[in-house]
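Student: So the sequence lines, in the order shown, correspond to chains A and B. For the record, in the first sequence the residue sitting at position 219 is 219 according to full-length UniProt numbering, with numbers rising by one throughout. For the record, in the second sequence the residue sitting at position 209 is 209 according to full-length UniProt numbering, with numbers rising by one throughout.
Calculated directly from the structure, the hints in this document are not laboratory data.
Straight-line C-alpha distance at most 25 Å; calculated BS3-like pairs for lysine-lysine:
| id | chain 1 | residue 1 | chain 2 | residue 2 |
| --- | --- | --- | --- | --- |
| 1 | A | K108 | B | K19 |
| 2 | B | K28 | A | K109 |
| 3 | B | K20 | A | K108 |
A few chain A residues that face chain B, going by a derived Cβ cut-off under 7 Å, partial list only:
| id | residue |
| --- | --- |
| 4 | L48 |
| 5 | R74 |
| 6 | R77 |
| 7 | Q78 |
| 8 | M82 |
| 9 | F84 |
| 10 | G86 |
| 11 | A88 |
| 12 | F90 |
| 13 | P102 |
Just so you know, these numbers come straight off a predicted model, no measurement behind them. Note that the Cβ used here is the ideal one computed from N, Cα and C, for glycine as well.
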Amino acid sequence: MIEVNDIHKSFGDTQVLKGISTTFKKGKTNLIIGQSGSGKTVFLKCLLGLFSPEQGSISYDGRDYSNLSGDERRDLRQEMGMVFQGSALFDSMTVEGNVRFPLDMFTKKSKSEKQDRVDFVLKRVNLTEAYDRFPSEISGGMQKRVAIARAIVMNPKYLFCDEPNSGLDPKTATLIDNLIQEITEEYDITTVINTHDMNSVMEIGEKIIFLKDGIKEWEGTKHEIFKTDNEAVTSFVYSSELFEKVRQMYVEERN
Amino acid sequence: MSYLASIGSYAIMVKEVFKKPVKWRIMKSLILKEIDELMFGSLGIIIFISFFIGAVVTIQTALNLTNPIIPKYLIGFTTRQSLILEFSPTFVSIIMAGKVGSYITSSIGTMRVTEQIDALEVMGVNALNYLVFPKIVAMLLYPFAIAISMYVGILGGWIAGVFGGFLTSAEFTEGLQIDFIPYQVFYAFVKTLVFAWVLATVPSYHGFYMKGGALEVGKASTTAFVWTSVVIIIMNYILTQLLLG
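Using the sequences and the hints, build the whole thing.
Tutor: Laid out in C-alpha cells, this is it:
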C-alpha cells in the first residue's frame, strides 16, 4: 500500500502539485487521470522517488520515503517496477538482455536461475518468440510487453506505468491493460497507472484519481465515475460522443 | 552566471560518477565495449590523419628552408617537434572531440530522451557511474593512440621527405635524434591524459543533462564538440605554461 499525504511540488515559480493526498491499495489497479499539464507525470515521478516533494510525505507499506537512508531508498527502488510511456528498453540489448538486466544488477542468482526467471516472465507476458531480437526489431505492443516483463522480473511490490498503451491499437491496448490487471491480482502488487485512455479507465479502473491543475479533483471507482456530477470529471471523461452515449446507457440501465 | 552553474553541475556530475559503482562483472564488460568503441574505433582515422599531416609538415618545412646554410636535418627535427609537442596530442584531440565527443553526447542524449536513463534510475542504478565511468576508463588508453599517432606521423614525414627528394633518410633520422629531450614526451603524455579526461566527461555532461527531443540531441552534440574543443585549447595553454614555461 502507498499512502500519499499532502504532497506539494514546484518548479521555479510554477506550483505543479498543490497538496495531494490519497491511498493506493495492494492488489488493485489504481489509475491517475487528468488533462495534459494537470501534474500526473510529476505525481508519478514523486511516487517513484525521482522528484522529491517540498512538502508532505509518501509511505510505502509504512516506510516514509523522506526518512529513509540512501541504502534503504535503493532497496525500496528495487521493490518498484516501472513501465515507461515509450517502453524505455535499452537499445543495445536484446529482449532477453533487457529483461535479465535487473537480475544481473541486483541479484546473486546463478546463470541458470536467472535464465529460468527470464523464461518465466517472458512466458507470462506471452512473448517467447522474440528472445534474441533487439527493441528496434519488434512492434510497439511487443516492446510494451517486454517493458512489463522487465518491470516484474524482480517480483516488485509496486508497479508504476506511465501511459502504458499510448500509441497502441485498441486491441493491443486492451491486451496490455488486461495483462497489467492480471499481474496485479496474481502477484498482489500495488499498481499505479498514469493514463489518458478512457478505455483503460472503464476496463481496469479499480480506483481512479482525477487531477486538475495539481489538485485531486475527484476520486472513485470505474462504476462511480458513471454517476459523478463533478463537472471537471464528466467534461474530461465524456468528451467523446461515444463515451457520452455509454454513460447515458449506463444511467438508463440503472434507472 | 549560467556558465558558473554549468561548471557547478559538471563538478557534481564528476562526483556522482564515482559513487555507488555497479558490479565489477558488469562494469568490466561495459569498459571493454567502450574501449572497442572509443579507442579501436578511432585508430583508423587517427592513423590516416597523422600520416598525411606528418607528410605535409615535412614538405612545408622543406619548401620553406631554402637557405643553403641551414642543415637539411632540421626538416626531421621540425617534424618531430611539431608532431610530439602539438599535432599528436592537441590537433588529434580536437578531431577526437568531433568523433568520440559527438558519439558520447548523442548516445547518452538519446538514452535521456527515450527515458532509458530514467529507467536506470528507477531501478536504483547509478546512471552516471553506469554510463560515464566506463568511458573514462576506456579513455585511459588514449595515450597509446597518441603514441601511435606520433609514430605514424613521423613515418609519414620520413616517406614524404625521402621519397619526395627533399632530404636523405640519414638526414631525416639525424634530425629526429638531435636535441631530443625526453621530458617533452612526458609533457605530451600528461597533456594527452588531461585531454582524455575532457573528451570523456564534457560530452557526457552535455548528453546526460540535455532536455528535449531528437533535434536537441543534435544540438547537444554540436555544443559538446564546441565546448570540448574550447576546454582542450585552454587546458593546452595552461599545461604548456605550467610544464614548459
